[in-house]
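Chains A and B, in that order, give the protein sequences.
The working numbering puts the first residue of the first sequence at 1, with every later residue one more than the last.
The working numbering puts the first residue of the second sequence at 1, with every later residue one more than the last.
None of these hints come from the bench; they were simulated from the model.
Please note that a few of the clues may not be correct.
Said to hold, decoys possible - Subject to a maximum C-alpha distance of 30 Å in a straight line, what follows is the list of computed DSSO-like cross-link-like pairs (lysine-lysine):
no., chain 1, residue 1, chain 2, residue 2
1, B, Lys57, B, Lys209
2, A, Lys156, B, Lys102
3, A, Lys154, B, Lys102
4, A, Lys156, A, Lys105
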Amino acid sequence: MSIQVRNLRKAFGSFVALDNVSLDVPGGELVALLGPSGSGKTTLLRIIAGLEPADAGAIHFHGEDATDQPVRERQVGFVFQHYALFRHMSVFENVAFGLRVRPRKVRPSEAEIRDIVMGLLHLVQLDVLADRRPSELSGGQRQRVALARALAVKPKVLLLDEPFGALDAKVRKELRRWLRRLHEEVHVTSVFVTHDQEEALEVSDRVVIMNEGRIEQSGTPEEVYDRPATPFVYGFLGDVNLFHGRIHAGRVSIGESELPAPEWADAEDQPGIAYVRTYEVNLGPAASGASSMEAIIRHVRAFGPLVRLELDLVDGGSTVEAHIPRTQFNSLALSKGHRVYLSPANVRVFAQPS
Amino acid sequence: MASIAVSRPATTAPRAVTRATGESRAVRWTLIVVALSFLAFTLLLPLALVFQQAFAKGLSAYLDAVKEPDTLSAASLTLLIASIAVPVNLVFGVAAAWSITKFDFPGKNLLITLIDLPFAVSPVISGMIFVLLFGAQGWLGPWLLDHDIKIIFAVPGIVLATTFVTAPFVARELIPLMQEQGTEEEEAAIVLGAGGWQTFFRVTLPNIKWGLLYGLILCNARAMGEFGAVSVVSGHIRGETNTLPLHVEILYNEYAFAASFAVASVLTLLALVTLALKTLVEWQQRRSASQGAADNEAGSSERIAA
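Next up, chain B with everything else stripped away, as it sits in the complex:
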């Protein structure tokens, strides 16, 4: 909208320009104020409140809450979950993006659609799927019970649910990037005698590294912050199957507000670090993309001195 208001004066008479720009300035500022106050109320204020509440009873209370054994166990479980789910999705995402962009095979469109499924369904449903599959009353429940394998209300269930929910991040980031880059560089590498892995590590990976990192950062943030799906499959057993987001809720429900917000602030800090990393990677990605664009545009007007 703003761009329409700004571009109009260029085509009209000089006097209209001053009036038009005056109006557009008002419109511009209104829009900016609306957007910023919305951000302030919905994002910045809650962010500030989290930290204010966390430190409401002083620094020592904050540190006590963070050092509490159940909190530490929740934190280490969260790290464990992320350290499994993220690498699994790294491999799955790269493999899916590679096969979709470099080969033609039956069922390709189905795969592209399925990759988005975890984003399309509510996380609670994602959790329910695993309960229905592996729960005591579930499809594979009796067999698992016979063999004494615990998935639901145990760590494997949380890993599965988290992996499912975070599956699309890496693949969705890589598919458009790899589609744009095409297969010529890989072909060139193979003709020059490179094997499959050499081609991947020396040619493909360097070309997609920023997009991959970006996908991994988002994947990691979601893996650590996932609540809905994990809540369904975890069982909320303190010190055993409690992740940080679940722990925040438990503390809150027990009226331990300061402790709850202290743990929440840890997660919030993680979000801020993620945002900073994401911005850095985006900046790097733009830089390499503009290099790529220069690649295509750069003149062919050079003469040969031969």
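Next up, chain A with everything else stripped away, as it sits in the complex:
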């Protein structure tokens, strides 16, 4: 079941939460809405669910207009950040709730409900805890109950609002992988909201990056990470260095050095910013062409497979961060205070916003 979002607008008072947002989620995909807090991602999810009305725009489920459909008829599964389990019901009754509130004609029999619920609890590996109250479960277990409860009504789409946000780092990582496997098993179209870039990149088929009520970029994790469409996406995904310079005829000059900027072939001396990933800064003992910049190592953090270096540019004095493999670090025999030459690779240049 695919989801189409068309020109959605939503404002809370003077704060614009969504500004003309359009989005397509193909059926069966697991899509992450990624962005900082206040970027509108949760609002978008709640409007898709029907928990929040949009000011303008439309929502279609599999081509059918669902914009004015009440929440209870939309057949969506929603997982809340703080679980929102019914605290006075057992785990079993929580999962059975969506089946029990159906009109008598379409309500499954008691035996069917039992089969469905126990099947789902088995799927989330909580069948032995069916009689417990939510208060007797850990955070990770509660979120799995919430997921089973959402799946019990056979939703057309599954929506998850920061599903792992309230859990600690370790449980988070495990639940993340587990959600990925679960999605491969049930294959329901799923949208989840997160502010954790690692979570979004690791779990989803597609990442939608939002900022200030707009979609900045949408694509596979590889696409958005390797080819960020906007400076915001560059800064939001992974560590990045910024070099301020001037763009002219396909080249950007930063201090004494020059870097290629082929997409700016027609530019005539305008201010620009070059973005370089920290792991794409090459270091060497001597200058190697026009792109080289002289720098002094200010700080070294040598743990793990990557050595993190902080360098001060001799020309201009700004700080650059470089992550290089430990083997390279060892063969260059670098240490604090050394003079090195760095040359950025895969530079992406954006015009400086005036």
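For chain A, the structure is supplied; the task is to place chain B on it using the hints.
Showing chain B alone in chain A's frame:
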């Protein structure tokens, strides 16, 4: 105060501890004695006196006073009033608390303030309001007279005054509780396909039931015991518009002390039952609240065997 005196020794030298605790013990006992003797004189002694006076002329006189037709009629009127006022305030209280905590609407703050109005004004004024509205010289008086509807000095007036005076109990109990619980569980229920009533009866009501019961018990106690507002609107017609509290006063003014205290003891028993119920409900509420707290705290350190 006591807690300050107790906590101080922990930070001082060992010798000071013994002296400090010695002093604090004295302070503690003084405070306890003061509090308990105040309670004894103002609460326990009158309570004992009520029963002593009630049985002053023996058990049979007590039973006669309680079985007297005017007393029985006052008791049944009191029960009738409570059986109308309490359900009305149950509905009003839940509706008010629901709308205040689950929705945003213009005039919300005004409503929160207005709910407290009956507590803020003297009960006599509450009664006067209805006399001014529905009395013979009142605003709607002539119209009511034309249509032969009696409100003041009749049962409807007593019901109105009692309902007004007891209006805040349920709502005030529920608003903080429902504010704390938020709307997520209701949202979850609606997403799962539940209708409005299903959501209310299956999700909201079970979550607020102890707070609701607590509010109802207090509301009921006040509805049966209200004197001031009811006294203004009732007219004290024996066997017709006399409630138990009014009947106690009438008997007392007629120097029928034993009978007066016998009726008073019935009301006092009601108060004791209310207190016992209230304690029980509070205990239940604490239990479910501590469960809720465990809900929020419980570790997320569980690992998945997947």
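Structure-based check of each hint:
{"no.": "1", "hint": "Lys57/B / Lys209/B", "result": "44 Å, violated"}
{"no.": "2", "hint": "Lys156/A / Lys102/B", "result": "28 Å, holds"}
{"no.": "3", "hint": "Lys154/A / Lys102/B", "result": "28 Å, holds"}
{"no.": "4", "hint": "Lys156/A / Lys105/A", "result": "21 Å, holds"}
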